[in-house]
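> Here is how the chains run, residue by residue.
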Amino acid sequence: MGNDGVSVSIRNLSLNFGAVSVLKSLDLDIQDGEFLVLLGPSGCGKSTLLNCIAGLMDVTDGQIHIKGRNVTWEEPKDRGIGMVFQSYALYPQMSVRGNLSFGLKTAGMAKDEIAKRVARTADVLQIEPLLDRKPSQLSGGQRQRVAIGRALVRDVDVFLFDEPLSNLDAKLRSELRVEIKRLHQKLANTMIYVTHDQIEAMTLADRIAVMRSGQIQQLDAPQTIYSRPVNRYVADFIGSPGMNFIEGEVVLSDGAPRFRFDGLDIPLANYQFDKAGAQAGQATFGIRPEHVAVNSGDDWPFSASVPVEIVEPMGSDTLVWSRLGKQALTIRVSSERAPRVGENVTIGFDPMNASLFDAASGDRL
Amino acid sequence: MADVQTLNTVAAGMDPAADQLSGPRGARPRRVLSRRNIFLYGTLILVAIYYLIPLYVMIVTSLKGMPEIRLGNIFSPPVEITFEPWVKAWATACTGLNCDGLSRGFWNSVQITVPSVIFSIAVASVNGYALANWRFKGADTFFTILIVGAFIPYQVMIYPIVILLREMGLYGSLWGLVIVHSIFGMPILTLLFRNYFSSVPEELFKAARVDGAGFWRIYFLIMLPMALPIFVVAIIIQITGIWNDFLFGVIYTKPDTYPMTVQLNNIVNSVQGVKEYNVNMAATILTGLVPLIVYFVSGKLFVRGIAAGAVKG
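Protein chains in written order, with this note's numbering: chain A, 1 to 365; chain B, 1 to 313.
It is worth saying that the hints were derived from the structure and are not from the lab.
Even for Gly, the Cβ is constructed at its ideal location relative to N, Cα and C.
Treat the hints with care, as some may be off.
For the chain A half of the interface with chain B, some residues (derived, Cβ under 8 Å), not all of them [claimed, not checked]: (1) G82; (2) Q93; (3) A188.
My request is simple: use the sequences and hints to build the entire structure.
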């Protein structure tokens, strides 16, 4: 469509391995300078999609456009992409400088230009002291920084990250996460980032594409995905601890929709139904643990008294495992207000924050 | 707080310094002459002697003169050390028409082994690299055929190859034998290299492709420097295999171009005259020297190459 603002455009992309279809006619437009995260469990096709964009895998059908150019049949080096891998994939026998300049040398660039680019990249990533070391002499964090540098030095339009932080420990991961975000703000390049870590996805992304078995389930801003998931799969995948799901049915009494389960009854007057509006039928009521208030004393549209079964302190928060009707309910409370096991507490929540899904299809109601 | 204090008083009552140091501490003591050790080292020494006695007999015999050998004490060390048999074996022993010893066979073997090793490894490493990293159409079929090739008995192919070499005009020449060795080394070497390159992380290969490197650039600049251990293994396998080969040597060459092993056989099995055991022993050791030296020099590298699995990046 020749859209100016679009950096990467994936049109009707399919990939089959024999009889197994890994990507199913996928469409995706990524804006210029956007940070897009492909999120999903392992085997959902997110890394495969990235490899297709990079040109490392041949697609079965469909097109890939980068910067308005159809690159479907082009070699990786001609696509204007740089890629960062989970295992760093640094050339073990070359120094850091050698790793950074390998691509430029291959492209036949002049020596002084290569030196200039390497110096600039090393400056951006603060790896100047490491330039003459071998990868085996670097720590995991430093290696990944060099790997990012190898993509950076080539001055490309689009950065592809394939789970770049998965091999690092938790502390380094959060450090490098911030660094990648800072890098994106500074360079304003298009970045496509594959991860199965929802924290990375939420913190880094302008938009998240949640994937499942080769299809994009939802493509939205992180906050939208979090608060208004399009189906039960997305709702379940995003958020830790996970959303509470309560099975029951929507009934219309005197025109007002209510959610009924195990003899309890939640008024749905505040709930924003989809275009179709409220309809009676089997449904799943989803509420996030942090949207349930405990002993707040406020007047909630729904409140009940529930027993405390297990208490899990997590530092800043405490997770309370309880039971609403016959169904499990987890509640997140601040640690200083944590109840004790065996107590009964009064909980309350507003269905405005909740999500309702059709019991059969799992789609949002 | 109360709990911690109670603990402290209990600990103080036990007088820790005296009590805790008297019990077992540090590494467990082990007896040098335990039954296990005696059995273990006894077995090892016995087996070592069993394997070394023939070598001992050979060396000792090769240093004796014929009169001393006729006494029949094969285990006794030489009374009078003589290097005459060695010189004879190398320079003047007769095989058929020629009487210039093993030296001719040695140089023939060198001329056969060096090009065969270089050529077969060069081709097989590229084969293995292509099979492991560039999944071309029919790669699996090709690989299966190659592996099946490794299991076909040599004897089946002897006569067809004779005809092939004759038609090519290479029958009886050193180059003909070089080609035969290269072909027969191909299946096992390709398998060796393919498996090694398969263990190199795939992402490394992808990264090189994103960096714009093609088939040969990735092979020479990325893969080759990482594959040194497996090259050493391949070189050792090929040198010893080709040097020790007898069957192909005797079939595809002529007396002028016989490799060392064939010449050795001709010296040892010659029927006319006296059996010169000392010369035979010296000739045998001389022939086996090259693989022996290769093992001694590269033993450590060989083990490292065999054990080399994942390449740490």
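> Look at each hint and say if it fits the structure.
Structure-based check of all given hints:
no.	hint	in the structure
1	G82	holds (7 Å)
2	Q93	holds (4 Å)
3	A188	violated (21 Å)
Against the hints set out earlier in the document, a violation occurs for number 3 only.
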